[in-house]
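Undergrad: Sequence:
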Amino acid sequence: MGNKVLEIINLRKEFRKNIAVDGVSFHLEEGEIVGLIGPNGAGKTTTIKCILGLLRKNSGEVLVDGFSNKVQESKYKLAYIPETPDIYPMLTVWEHLKFMALAYYLKDWEEEAEKILKRFDLLEKRNDLGRDLSKGMKQKVSICCALIHKPDVFLVDEPLVGLDPKAMRELKDAFKGLKQEGKSILVSTHMLDSAEGFCDRVIIMKKGKIITEGTIEELRERTHSDENSSLEDLFLEVTQDEK
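Counting from 1 along the sequence shown, just add 67 to a position and that's the residue number in my numbering.
There may be inaccurate statements among the hints.
As the list claims (entries may be wrong) - With a straight-line Cα cutoff of 20 Å, these simulated EDC-like cross-link-like pairs (lysine to aspartate or glutamate) come out:
id	residue 1	residue 2
1	Lys144	Glu96
2	Lys246	Glu99
3	Lys137	Asp219
4	Lys182	Glu237
5	Lys202	Glu191
6	Lys239	Asp260
7	Lys246	Asp219
8	Lys137	Glu74
9	Lys202	Asp224
10	Lys273	Glu225
11	Lys217	Glu181
12	Lys71	Asp219
13	Lys273	Asp240
14	Lys273	Glu304
15	Lys239	Asp195
16	Lys205	Glu150
17	Lys274	Glu304
18	Lys233	Asp260
19	Lys116	Glu150
20	Lys217	Asp188
21	Lys144	Glu191
22	Lys276	Glu74
23	Lys165	Glu179
24	Lys273	Asp224
25	Lys243	Glu96
26	Lys217	Glu162
27	Lys205	Glu191
28	Lys142	Asp153
29	Lys205	Asp175
30	Lys165	Glu178
31	Lys274	Glu237
32	Lys142	Glu96
33	Lys276	Glu179
To be verified - Across the chosen pairs, the derived CB separations fall in these ranges:
id	residue 1	residue 2	range
34	His291	Glu177	51 to 57 Å
35	Ser296	Tyr171	40 to 46 Å
36	Val228	Gly127	35 to 41 Å
37	Asp175	Asp293	50 to 56 Å
None of these hints come from the bench; they were simulated from the model.
Quick reminder that beta carbons are idealized off the backbone N, C-alpha and C, glycines included.
Model the full assembly from the supplied sequences, consistent with the hints where possible.
TA: This is the structure in structure tokens:
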């Protein structure tokens, strides 16, 4: 067992009479990428927003490096990359990073910002306005903004939707690079073939509950599937048995 950087314990979220997340528990270890997958309405995005504190949970506990997600220390350890990139249309790429540096009271951040932009092939775009960027570029700006304050855990919601193949490849390579740096990533996605390629393990949700979790090999063994079964095959197998 590695170092647990994120722990979710019996998380529950209700919207009036609808239970969106029903007693969910899981964890992320240092330096791993975990896929959070499930059909529409499974509770994936709600779970992520409860972890971030964007939604108030009804019960349960969220710990980030041992800190409750209610305390300020945990906020500096988390980064959120939403499905729709949250880019300001009238700020340049560089001004987005400056805004984040000011928000997190960072000092001498400029050199690090240039390294991050170079890594994501955005250095030549540093003076371009947000409104003039493609979706793929906007998504990369979101990642750069998340990276600048060096968080431990990235929460990413449907990062590959709407991206062209080249941008998808760049983002997956970026995730692998973060993993090598010891960062942990929780990726909510419907794109099972992509998730299979870069996730260390997956958590499958349905109707607000976790059905199963583990590596691809563990899921194959659990479902008595052959070694060629894809994540899509395994996902359909475990979800169709649930009523």
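Undergrad: None of the hints should be skipped; say for each whether it holds.
TA: Going through the hints against the structure:
A threshold of 20 Å between alpha carbons decides the hint, and for Lys144 with Glu96 the separation of about 14 Å falls inside it, so the pair holds. Simply put, Lys246 and Glu99 have alpha-carbon atoms about 6 Å apart, close enough for the 20 Å limit, and the pair holds. Between the alpha carbons of Lys137 and Asp219 the distance comes to roughly 17 Å, so the proposed pair stays at or under 20 Å and holds. A threshold of 20 Å between alpha carbons decides the hint, and for Lys182 with Glu237 the separation of about 16 Å falls inside it, so the pair holds.
A distance of roughly 17 Å separates the Cα atoms of Lys202 and Glu191; the hinted pair therefore holds under the 20 Å criterion. Taking the CA atoms of Lys239 and Asp260, the gap is near 12 Å; set against the 20 Å cutoff, the hint holds. Under the criterion of a C-alpha separation no larger than 20 Å, the hint pairing Lys246 with Asp219 is consistent with the structure, at around 10 Å. Taking the CA atoms of Lys137 and Glu74, the gap is near 13 Å; set against the 20 Å cutoff, the hint holds.
Annotation: proposed proximity of Lys202 to Asp224 holds, straight-line Cα distance about 15 Å (limit 20 Å). This hinted pair checks out: Lys273 and Glu225 have alpha carbons roughly 17 Å apart, not beyond 20 Å. Of the supplied pair hints, the one linking Lys217 and Glu181 holds, its CA atoms being roughly 14 Å apart against a limit of 20 Å. Restraint check for Lys71 and Asp219: the C-alpha separation of about 11 Å stays at or below 20 Å, so the hint holds.
A hinted pair counts as satisfied when its Cα atoms are at most 20 Å apart, and Lys273 with Asp240 does not qualify at roughly 29 Å. Taken as a hint, the Lys273 and Glu304 pair is honoured in the structure, with Cα atoms around 13 Å apart against an allowance of 20 Å. Of the supplied pair hints, the one linking Lys239 and Asp195 is violated, its CA atoms being roughly 24 Å apart against a limit of 20 Å. For the proposed pair Lys205 and Glu150, the alpha carbon gap of about 11 Å is at most 20 Å, so the pair holds.
For the suggested pair Lys274 and Glu304, the alpha carbons sit about 16 Å apart, so the restraint of at most 20 Å is met. Taking the CA atoms of Lys233 and Asp260, the gap is near 16 Å; set against the 20 Å cutoff, the hint holds. Simply put, Lys116 and Glu150 have alpha-carbon atoms about 12 Å apart, close enough for the 20 Å limit, and the pair holds. Annotation: proposed proximity of Lys217 to Asp188 holds, straight-line Cα distance about 19 Å (limit 20 Å).
Our distance criterion of 20 Å between C-alpha atoms is broken by Lys144 and Glu191, whose separation comes to about 29 Å. Taking the CA atoms of Lys276 and Glu74, the gap is about 16 Å. The hint holds against a cut of 20 Å. Distance check on the hinted pair: Lys165 and Glu179 sit about 11 Å apart at the alpha-carbon level, within 20 Å; holds. Under the criterion of a C-alpha separation no larger than 20 Å, the hint pairing Lys273 with Asp224 is consistent with the structure, at around 17 Å.
Between Lys243 and Glu96 the CA atoms are separated by roughly 15 Å; this keeps the pair inside 20 Å, and the hint holds. Annotation: proposed proximity of Lys217 to Glu162 holds, straight-line Cα distance about 18 Å (limit 20 Å). A hinted pair counts as satisfied when its Cα atoms are at most 20 Å apart, and Lys205 with Glu191 qualifies at roughly 14 Å. About 18 Å separates the Cα atoms of Lys142 and Asp153, which keeps this hinted pair within 20 Å; it holds.
Restraint check for Lys205 and Asp175: the C-alpha separation of about 24 Å exceeds 20 Å, so the hint is violated. At roughly 12 Å between alpha-carbon atoms, Lys165 and Glu178 fall within 20 Å of each other, so this suggested pair holds. Straight-line distance between C-alpha atoms of Lys274 and Glu237 comes to about 32 Å, which puts the hinted pair past the 20 Å bound. Distance restraint check for Lys142 and Glu96: the Cα-Cα separation of roughly 18 Å lies within the 20 Å cut-off, and the hinted pair is therefore satisfied.
Straight-line distance between C-alpha atoms of Lys276 and Glu179 comes to about 40 Å, which puts the hinted pair past the 20 Å bound. Checked against the given bound of 51 to 57 Å, the beta carbons of His291 and Glu177, roughly 56 Å apart, stay inside it. Taken as a hint, the range 40 to 46 Å holds for the pair Ser296 and Tyr171, whose Cβ atoms sit roughly 44 Å apart. Look at Val228 against Gly127: about 28 Å separates their beta carbons, and that is not inside 35 to 41 Å.
Hint check: Asp175 to Asp293, Cβ distance near 55 Å, so the stated range 50 to 56 Å holds.
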